[in-house]
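With chain F held as given, fit chains X and Z onto it using these hints.
Protein chains in written order, with the numbering used here: chain F, 1 to 309; chain X, 1 to 337; chain Z, 1 to 297.
Derived lysine to aspartate or glutamate pairs resembling EDC-like cross-links, with alpha carbons at most 20 Å apart:
no., chain 1, residue 1, chain 2, residue 2
1, F, Lys-305, X, Glu-155
2, X, Lys-89, F, Asp-218
3, X, Lys-277, X, Asp-297
4, X, Lys-229, X, Asp-219
5, X, Lys-89, F, Glu-216
Computed Cβ-Cβ distance ranges for the label pairs, DEER-style:
no., chain 1, residue 1, chain 2, residue 2, range
6, Z, Ile-108, F, Glu-53, 44 to 50 Å
7, F, Gln-42, Z, Pro-72, 42 to 48 Å
8, X, Pro-67, F, Phe-134, 20 to 26 Å
9, X, Ala-133, F, Ile-135, 42 to 48 Å
10, F, Ile-135, X, Pro-67, 23 to 29 Å
11, F, Leu-9, Z, Glu-58, 54 to 60 Å
12, Z, Val-116, X, Pro-294, 50 to 56 Å
13, Z, Pro-72, X, Asn-66, 54 to 60 Å
No lab work stands behind these hints: they were computed from the structure.
Where a beta carbon is used, it is the ideal one built from N, C-alpha and C, also for glycine.
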Amino acid sequence: MIKFIVKRLVALIPVLLGVTLLVFFILDLAPGDPAKTILGEQARPEDIAALREEMGLNDPFIVRYGRYMFDLVQGDLGTSYKTRDPVGEEVWARLPNTIVLALTSTAVAILLALPLGIIAAIKQNTLFDGISMFISLLGISMPVFWMGLLLILLFSVKLGWFPVAGADQGIKSLVLPSVALGFMHMAAIARTTRSSMLETIRQDYIRTVRAKGLPEHDIITDHALRNALIPTTTVIGLQIGQMLGGSVLTESVFAWPGIGRYMIQSIQGRDIPSVMGCIIVFAIGFALINLLVDLIYGFIDPRIKAQYR
Amino acid sequence: MSEDIKKDLTAEIRDLVVEFRTDYGVVQALNGLELEIERGKTLGLVGETGAGKTTTGLSLLRLIPNPPGVIVSGSIKLDGKDILSMSDKEMQAIRGKTVAMIFQDPMTSLDPVMTVEQQIAEVIKLHEEGGQAEALKRAREMLELVGIPGSRGGEYPHQFSGGMKQRVVIAMALACNPELLIADEPTTALDVTIQAQVLEMMKGLREKYNTSMLMITHDLGIVAEICDKVSVIYAGRVIEHGTLEDIFKNTRHPYTEGLFNSLPNLEDRQAELKPIKGLMPDPSNLPKGCAFCPRCDYAMDICETQKPGRTYRNDTHYVECHLYNKDNIHEGKVKSR
Amino acid sequence: MNNVSAVKENVQISVKKKSQIADIWKRLCRNKTAVLGLVIVILLVLVGILSPIIFDYETQVIKTDYSNTLQPPSAAHPFGTDELGRDILIRTLYATSTSLSIGVVTVIVALAIGLVLGSAAGYFGGKVDMIIMRIMDIFLAIPGTLLAICIVASLGNSIINLVIAQAVAATPKFARVVRGAVMTVRDSEYVEAARAIGAKDATIIFHDVLPNSLAPIIVQTTLEVASVILSIAGLSFIGLGIPAPMPEWGAMLSASRAYIRDYSYMCMFPGLAIMITILSLNLLGDGLRDALDPRLR
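So here's chain F without its partners, still in its complex pose:
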């Protein structure tokens, strides 16, 4: 098992290398002069030129990329153009907020979606099924930022139960953002759970189990559930990527002080190193979460576990 984890981590390296190269390349295409951004529009051309030399901005792409990577592996994410503080510090300060939001949303999503999907499958074509699937359909069709706005409108503005924005009120601040972000995922996971459950119930081995005389509810819990969770786990994994993107928007709506919000602010300020830093953190997080999902997958399906040894 440990060997497998190490192998996967090692395999991550070329991918992350590619990612950094890709992002560096994209951001490098940005028009505008970083030196000018730092010194301001009014600065003298000589100062700008001098700063460019000092920052090594005139070097070829490969050299600059190499220099960035060299710093990166030492944990140095560069320096913000705006604040002239290390990007790493800014990101590190905000990372916990994003993690809290992401974890809470995921928990909300999974805890609601699994029972919803399972019961909807068991009671297929009943009112419960229809309503829960309709809600799920709405959930995947509603943009997360609109959901956020509506929640703010109802619960903050009209009812005043929760703060409109920010993270200062502890748990209370966390509620609306988590619900907004989690709802979208709950919907997707519920749908997959339901269809996967329906598929599983139709399998031959369920018929065999029924022929053994097992009562219906035991069939669900002892046999159908575990098998149905296999494709569901895959979807949860796929959803993570969407959720990371959604978290950026959610943080924007709720002014949640996380990495996403920082990234948007950096974009608006043309602060390239900060943007780069944020994206790299997101990419690494994404990759690690996928690895985790794969491990969970292996726990559920013994056929996969065998490959992991």
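What follows is chains X and Z alone, placed relative to chain F:
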């Protein structure tokens, strides 16, 4: 003619009508099916795909998927008890214990995420006294019985070959010593050599436990190997029934003749293959008279409009065909093998 | 009994392609939600096509009117007016054509590139597959929204850049789906048969493999249009999408934020428009998936 002798019947089906009600129409799966399985004996249920063989097997367990399947009328008795009036709980007590079923495809019959000994132990724990430890012990014994080392019990289905998976399924079915074992084409998905092994093993187990068996198959070779009596099923009805000798040596129904003629003749390699012309009738749109009429070489006018009744040749052998009546039944009208 | 005629009678009549499409259409129509989705999509397309014709861009869509700002819904302005006095109904309807056209163009581009890459990877396998998929994996390692944000952030706000960004984010997904479908079909027996009679690779790809891989690709296309529209709305929301003053639902929602307390009607309609669009496309995509999948019948 044969009702006077009180038979000890493990299973008895009378006049069973089963329909599948779908969006596309109503499918008549079984149309007045009659079946008797005597204790300790093996009945072969022979017919083509789509004749209703699996449906018959499932109905003995009351496992016909509902929706869309509906048992419209008729009676099914196991050990003299009517199972159609039983509650779900009572049925669950019977399944796996009184009657067990082996399905056709071993590759998909086992839960992929549970070890094989767990799956066998499950049925034991359900119906027998004792806890997990005893059940596992007994499960391993069953594995040994079917020729699989008990030490392999902790492995998962995907680690076994098709033939071994089928043995696990058989072990699981026999674990609680059922009175009736229904085997739905148990060897069709297996290689011929494995087929022979599995059949031998089933015969041995049958001897040991005096299990009654319903062997559902389309393979007449298997029928000859393992069955005592044969019911030939066509379009949801038994159209001929008798002992091995009755059916093989005194074939009466044109369909049965067709089945035998479809087999290559080892003695006369030059002879042409004689397939039965046409296809099974559409079960949602059965012909008015005899269901076999459109394909029958011996069809007469009456066959198109009237369903034939039963004519008995002796205590064990009957046929449903207009060709026959009390008087001419003793001379066959069709060629027998 | 003549054996030849017996064989002839026993042979099934092969299904002509036309009746296959008719079958799929019938199945689709039987699915009520899918039909609903289709109807709404068609309506949206009509709105999208007709809006630029009916509404004059200069005078009705972007012209500011400071005397008329922030009016709640009324007979004159059924959706109200925004902070610059523009009619929200007209802008919402007009935004349909923006979103739909960018969505469709993006998906076409992504599909085209994805088809080429995916078929090559799926059909040839081996090194070609590995290289192409490794590159796709790198793109997929960044969540789609973030990748699009990154590209637009770098290249600047414009429609072209938006299309590029979305297309780049969507192409790997198409490549994956195409590759999967191609691989499933490639190993099937009728492709073996085609090879056995000496058909060339390109011919096999176009005549045998792709037509039979069509189902998942069609479904993915429909769902991807929804995904792209959602993504564009999100980007516009944070200011990285369609440049003002062109109307776009996400941008309109963003603008409504400041006025949410007293003018809450502003955030209703654009959001509703997004939801209806995505919903109908999802219903249609789901319906297509069910109708095209023979296993479900």
